[in-house]
Amino acid sequence: MGMKSQVITAFTILTFSLTAAHAVEGDPVAGKQAVAVCQSCHQPDGSGMNIPGGESWPKLAGLNASYLYKQLLDIKEGTRKSPTMNPFVDMLNEQQLKDVAVYYSQLPPNEGKGGEKATDEQLARGEKLATDGDWNRYIVPCSSCHGSDNQGAGDHFPGIAGQHAGYIADQLRAWKSGKRDNDPQHLMLAIAERLDDEDIVAVSAWLSRQPAKPAK
Amino acid sequence: MDGLFTKSSLSLAVAAGVLSFTLQAANTEHRVPTNIPQPEEGQFVHVPPTMDDLEKSNLHPELKRVIRRGHDLFVNTQQLRGKNVFNGMNCSSCHLGEGRQPFSAPVWPAAVVLPNYRTKNDHVNSLEERIVGCFSFSMNGKPPEYGSDNMLALAAYHQWLAKGVPMYQSGKSMYGRGFPKLPEPEKGMSFERGKQIYEANCSICHAADGSGLVQNGEVVFPPLWGDTSYNWGAGISRNFTLSSFIKHNMPLGQPNSLTGQESWDVASYINSHERPQDPRYTGNVKETREKYLDTFHKYTNYGLEVNGKLLGDHDNLGGEKDFLKPDALRPRTFSAE
Chain C
47 MGMKSQVITA
57 FTILTFSLTA
67 AHAVEGDPVA
77 GKQAVAVCQS
87 CHQPDGSGMN
97 IPGGESWPKL
107 AGLNASYLYK
117 QLLDIKEGTR
127 KSPTMNPFVD
137 MLNEQQLKDV
147 AVYYSQLPPN
157 EGKGGEKATD
167 EQLARGEKLA
177 TDGDWNRYIV
187 PCSSCHGSDN
197 QGAGDHFPGI
207 AGQHAGYIAD
217 QLRAWKSGKR
227 DNDPQHLMLA
237 IAERLDDEDI
247 VAVSAWLSRQ
257 PAKPAK
Chain W
21 MDGLFTKSSL
31 SLAVAAGVLS
41 FTLQAANTEH
51 RVPTNIPQPE
61 EGQFVHVPPT
71 MDDLEKSNLH
81 PELKRVIRRG
91 HDLFVNTQQL
101 RGKNVFNGMN
111 CSSCHLGEGR
121 QPFSAPVWPA
131 AVVLPNYRTK
141 NDHVNSLEER
151 IVGCFSFSMN
161 GKPPEYGSDN
171 MLALAAYHQW
181 LAKGVPMYQS
191 GKSMYGRGFP
201 KLPEPEKGMS
211 FERGKQIYEA
221 NCSICHAADG
231 SGLVQNGEVV
241 FPPLWGDTSY
251 NWGAGISRNF
261 TLSSFIKHNM
271 PLGQPNSLTG
281 QESWDVASYI
291 NSHERPQDPR
301 YTGNVKETRE
311 KYLDTFHKYT
321 NYGLEVNGKL
331 LGDHDNLGGE
341 KDFLKPDALR
351 PRTFSAE
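So the protein lines, in turn, are chains C and W. The working numbering numbers the first residue of the first sequence as 47 and each following residue consecutively. The working numbering numbers the first residue of the second sequence as 21 and each following residue consecutively.
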């Protein structure tokens with residue numbers, strides 16, 4: 047136990063100095079307190095929940111802190127529309143949003159769900175889109191923006207490996223329908239509009255089954 | 021319609037490929053259309069086969085293995101970092117979509133027009149020599165030996181992409197070849213405008229200082245200038261080449277979204293920064309510029325003063341390689357005969 051908390055402290059200090067150099071300066075200890083209202087959906091371990099046929103709750107554990115903070119601000123300001131999330135972000139002030147972003151980014155990522163029933167054919171199609179793309183339709187591989195193994199790249203391109211299939215599919219459809227419209231330079235929109243529904247189901251299932259590694 | 025397709029291109033897969041080029045360009049419902057130019061009357065259209073097509077083909081299994089290796093080297097050339105590659109590039113960093121994409125200098129034409137004469141080195145070049153060129157300049161590297169396993173694999177991949185195209189087919193221009201020159205910019209090129217365009221459209225990936233993004237030792241977004249980028253002898257250091265690359269390929273996923281003017285401006289901004297020395301350097305930048313002026317440097321900013329600094333006036337090879345010019349770059353002459 048002593049060992050473990052030492053390791054965690056060292057890790058925290060490291061991340062702290064790293065995030066301080068970037069945009070988000072948050073206190074994960076304060077964040078842990080503030081997330082009490084979030085846990086019914088995002089779960090105490092940040093794993094969220096895949097909800098087939100309903101609105102899935104995204105996994106937040108291990109995602110990049112700057113990315114999370116930007117999403118919380120966007121939801122608060124209404125540039126990302128989520129009636130489900132709105133009342134909860136409204137409970138927190140800007141500093142608390144930073145704190146929870148840093149807190150969630152430091153939780154160890156857990157497994158994505160929702161891809162269990164995918165067929166081999168779907169998985170092959172999903173893998174191809176995620177790692178090679180389909181240039182005949184100008185679908186750039188997901189990994190060229192979301193980083194190698196789709197683990198996330200820098201502060202702007204979140205990890206999508208190991209996210210719940212239901213959530214990934216919800217977001218891709220939201221971009222297509224115009225409901226989600228907060229991506230920088232419409233980089234994500236451009237790709238999402240070129241995916242058909244079979245692509246979406248396939249790539250979401252495949253990604254959800256890939257391991258997510260902790261944010262660096 | 022007939023004139024557009026070669027006999028060999030009439031297979032279903034190929035026709036479907038052309039159709040999808042057409043569809044993606046025509047799709048105006050999208051908020052971010054790709055606007056890929058359509059083939060012009062009489063142009064030669066070839067849709068290169070994919071790696072899936074390779075698996076389905078009846079080539080010898082050993083040849084398939086070599087082509088797969090070539091493909092792997094093409095899209096992950098970083099596996100040769102420190103050996104043949106001394107910067108942060110893959111072949112596919114400039115030849116997008118595995119070297120198949122029109123207007124992204126698809127590589128198949130090289131397999132059917134070479135051996136041929138090139139002004140850049142003033143002699144007849146083979147396919148391997150063309151690949152050597154991109155290794156030496158674009159990758160700031162030392163090419164794999166002529167005839168080596170890796171060279172054979174890369175050449176085989178190029179040739180596979182050209183499947184069905186007649187050798188030296190001539191008379192018609194090839195649809196989507198190279199980085200076709202854009203009309204001259206009406207307002208000239210401006211560093212200041214270029215900087216603004218860069219910051220609004222490019223720096224999210226390539227970073228404000230042009231260094232791109234390296235994460236856990238892997239290049240995610242390739243560098244545009246500085247030590248780990250292409251050197252001063254690379255084709256893309258010519259403003260007309262870079263502006264066309266940008267217009268047709270960047271920002272990633274949004275081809276043809278910038279205007280021609282914007283593409284020239286941002287190209288001149290990028291090429292107004294320092295990069296590793298031209299392997300043909302004589303020891304004097306002005307002299308080197310002069311020596312290759314007509315065939316090359318009149319299109320680059322090398323040896324020019326930009327913002328009070330003489331570009332290329334240094335011995336910097338990028339910090340990773342310990343030679344200026346790879347041995348593979350050599351003159352060729354048949355005068356003895």
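The set of hints was computed from the structure by calculation and includes no laboratory data. Just so you know, not all the hints are guaranteed correct.
As the list claims (entries may be wrong) - Subject to a maximum C-alpha distance of 30 Å in a straight line, what follows is the list of computed DSSO-like cross-link-like pairs (lysine-lysine):
{"no.": "1", "chain 1": "W", "residue 1": "Lys201", "chain 2": "W", "residue 2": "Lys76"}
{"no.": "2", "chain 1": "W", "residue 1": "Lys311", "chain 2": "C", "residue 2": "Lys174"}
{"no.": "3", "chain 1": "W", "residue 1": "Lys183", "chain 2": "W", "residue 2": "Lys207"}
{"no.": "4", "chain 1": "C", "residue 1": "Lys78", "chain 2": "C", "residue 2": "Lys174"}
{"no.": "5", "chain 1": "W", "residue 1": "Lys103", "chain 2": "W", "residue 2": "Lys76"}
{"no.": "6", "chain 1": "C", "residue 1": "Lys174", "chain 2": "W", "residue 2": "Lys183"}
{"no.": "7", "chain 1": "W", "residue 1": "Lys84", "chain 2": "C", "residue 2": "Lys174"}
{"no.": "8", "chain 1": "C", "residue 1": "Lys163", "chain 2": "W", "residue 2": "Lys76"}
{"no.": "9", "chain 1": "W", "residue 1": "Lys207", "chain 2": "W", "residue 2": "Lys306"}
Here's how the hints hold up against the structure:
{"no.": "1", "hint": "W:Lys201 / W:Lys76", "in the structure": "violated, 37 Å"}
{"no.": "2", "hint": "W:Lys311 / C:Lys174", "in the structure": "violated, 47 Å"}
{"no.": "3", "hint": "W:Lys183 / W:Lys207", "in the structure": "violated, 43 Å"}
{"no.": "4", "hint": "C:Lys78 / C:Lys174", "in the structure": "violated, 38 Å"}
{"no.": "5", "hint": "W:Lys103 / W:Lys76", "in the structure": "violated, 34 Å"}
{"no.": "6", "hint": "C:Lys174 / W:Lys183", "in the structure": "holds, 23 Å"}
{"no.": "7", "hint": "W:Lys84 / C:Lys174", "in the structure": "holds, 19 Å"}
{"no.": "8", "hint": "C:Lys163 / W:Lys76", "in the structure": "holds, 28 Å"}
{"no.": "9", "hint": "W:Lys207 / W:Lys306", "in the structure": "holds, 27 Å"}
This entry does not satisfy hints 1, 2, 3, 4 and 5, going by the numbered hints stated previously.
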